[in-house]
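A.B. asks: What follows is each chain in one-letter form.
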Amino acid sequence: MSAAQSCAELAIRAVADDVRPASDWLAQSCEAHGVPDTQILRLDLCLNEALANVIAHGGEQALANPVRLRLNVTCDGLTHQAIVTVCDSGPPFDTTSVQPGALPLTLDDAEPGGLGLLMIRNLSDSLSYWYDDGHNELAFGVHWADEAG
Amino acid sequence: MPIEFQEISDGLRRIIISGRLDIPGTAEIETRFAAFAAASNLRVVLDLTGVNFLGSIGIRSIIVNAKAVKQRGGRMVLMVGDNAAVAETLNSTGLGALIPILNDNAAAEAAALA
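For the protein sequence lines, the chains are A and B, in the order given. Heads up, the first sequence is in our numbering, so the first residue is 1 and it goes up one at a time. Heads up, the second sequence is in our numbering, so the first residue is 150 and it goes up one at a time.
No wet-lab data here; the hints were simulated from the structure.
Covered by chain B, according to a simulated footprint, are these stretches of chain A (three or more residues, beta-carbon under 8 angstroms):
hint, region
1, 19 to 31
2, 40 to 52
3, 97 to 107
4, 117 to 123
Label-pair ranges, simulated between beta-carbon atoms:
hint, chain 1, residue 1, chain 2, residue 2, range
5, B, Pro151, A, Ala11, 28 to 34 angstroms
6, B, Glu153, A, Thr79, 43 to 49 angstroms
7, A, Thr96, B, Gln155, 40 to 46 angstroms
8, B, Gly222, A, Asp132, 49 to 55 angstroms
9, B, Arg181, A, Ser97, 37 to 43 angstroms
10, B, Asn254, A, Gly77, 44 to 50 angstroms
11, A, Gly134, B, Arg221, 47 to 53 angstroms
12, B, Gly199, A, Ala56, 23 to 29 angstroms
13, A, Ser97, B, Glu237, 21 to 27 angstroms
14, B, Ala184, A, Ala11, 36 to 42 angstroms
15, A, Asp125, B, Gln220, 35 to 41 angstroms
Ideal Cβ positions, reconstructed from N, Cα and C, are used throughout, including at glycine.
The following block holds chain B by itself, in its conformation from the complex (with noise of 0.2 angstroms):
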C-alpha cells in the first residue's frame, strides 16, 4: 500500500495515497499517515487520485489526521482529481462537508494555504 509524500512548499505538504484503503490496506498505511502529517502549522493537500478502493475505515483514518492536523494549526484538504468513484464515497458519507475535496492540483494547493 504506498504512500509517500511531497514538499510542495515551506509548511506545504502533497500526501499521496493509492491502491486500496479496506481493512489491511488502511492498517499498512496509518502510522506513516500520522507521521507525515505531524507538524505544527502544517498545510496538507491529501492525494487521493490513486485511490481505487475506500472504505469507512479509511474515511476514518483521514478524519482522524485532519483533526490531528488542524488542533495543530493547520489545515488538510483533499484532492480527488477524476477519481469519481472516491469522491462519490466521500461526500455520500457526509465528509466533504467537513473537509474540502478539490479536482486538481493548484485548487487544492489554494484551498490548503487559505
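Bound-form chain A, shown alone (with noise of 0.2 angstroms):
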C-alpha cells in the first residue's frame, strides 16, 4: 500500500524573531493535516531546538541564507508520521552524530547549555541527517497510530 502524503514548506530568516512565526506555521499545517495536538508539541520543541543551533552556531553562512522548513505527513493505514525537515547553508554539522554528554548528578554540576541535542533525540521518533548541495538537512519526525493522539 503507497502512502498518503502531503506537504507543507516556509522559509524563514536565521534570527530569533523568526522562531516563534516558525512555531506558528508549524502548528497551523500540522493541525490543517491531522496531526493531534501531543505530536505537535513534540514537533515545536524539536523545531525550537533545531532552529537555536542553527541561530547560535550556524555562522555567517546559515545567518546569511533563509533557513527551509518542510514538514510532510504521511499516513499507511493505521500509522502515521509528521516529518519536519530543517536546511540551512552552514557549514555541516551532523546533530546524529554527537553523543550527549553524561547528566549532571548535582546542580552545582549543572552547566547552563548542551539541552537541545538532547531534547531533539528524547522528543522524536525519528532522526535524520545528510548534507547535500551545501546545506544541512536535519529531518525529526514524530509516529502515531489512527487511536492513539
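With the hints as a guide, bring both chains together as one complex.
C.D. replies: Below, the structure is given as C-alpha cells:
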C-alpha cells in the first residue's frame, strides 16, 4: 500500500524573531493535516531546538541565507507520521552523530547548555541528517497510530 | 510573556511564569526572573503550571537562577501541578534529579523551606 502524503513549506531568516512565526506555521500546518496536539508539541520543541542551534552555531553562511522548513505528513494504513526537515546553509554539522554528555548529578555541576540535542533525540521517533549541495538537512519525525493521538 | 511573584511568607516567594519559554519568550522574562529571584536566603517556588512550552533555553534560565539562588544561601523548587508535558521535559533532561519537582503548592512550599 502506498502512503498518502501531504507537504507544507516555509522559508525563514536565521534570527530569533522568526522562531515564533515558524512555530505558528508548524502548528497551523499540522492542524490542517490532522496531526494530534501532543505530536505537534513534540515537533515544535524539536523545531525550536534545531533553529536555536542554527542561530547560535551556524555561522555567517547560515545567518545570511534563508532556513527552509518542510513538513511532510504521511499515512500508511493505520500509522501516521509527521516529519519536519530543517535546511540551513551553515557548515556541515551532523546532529545525529553528537553523543549527549552525561547528565549532571548535582545542581552545582549543571552547566546551562547542551540540552537542545538531547531534547531533539528524546522527543523524536525518527532522526536523520544529510549534507547536500552546501546545505545541512536535519529531519525529525513523530509517529502515531490512528486512535493513540 | 507573563511573569510575576507573590510573597508567601517572610523569605518564601512564589514566582509564576506562564506562556511559552521558547527563545523569544525566555528573552522576554529573563531579566525580571533574575531580579525576582535575587535576594539572600530566599526560598523560591517556581510555578510552571501555566507554561505550555518549555524549550532548552527556558531550562537553561531555570538552571542559572536556581544555582544563583543556592549560591546566595536559598533554595528553589519547581511546581508543575498537572502540567505533564512540562514535567516530562524537565525529567527527560535530567533536571528533575537536580531541582525538586512537586505537583501541589503545599508540598512545593514545604520542599522550598526544607
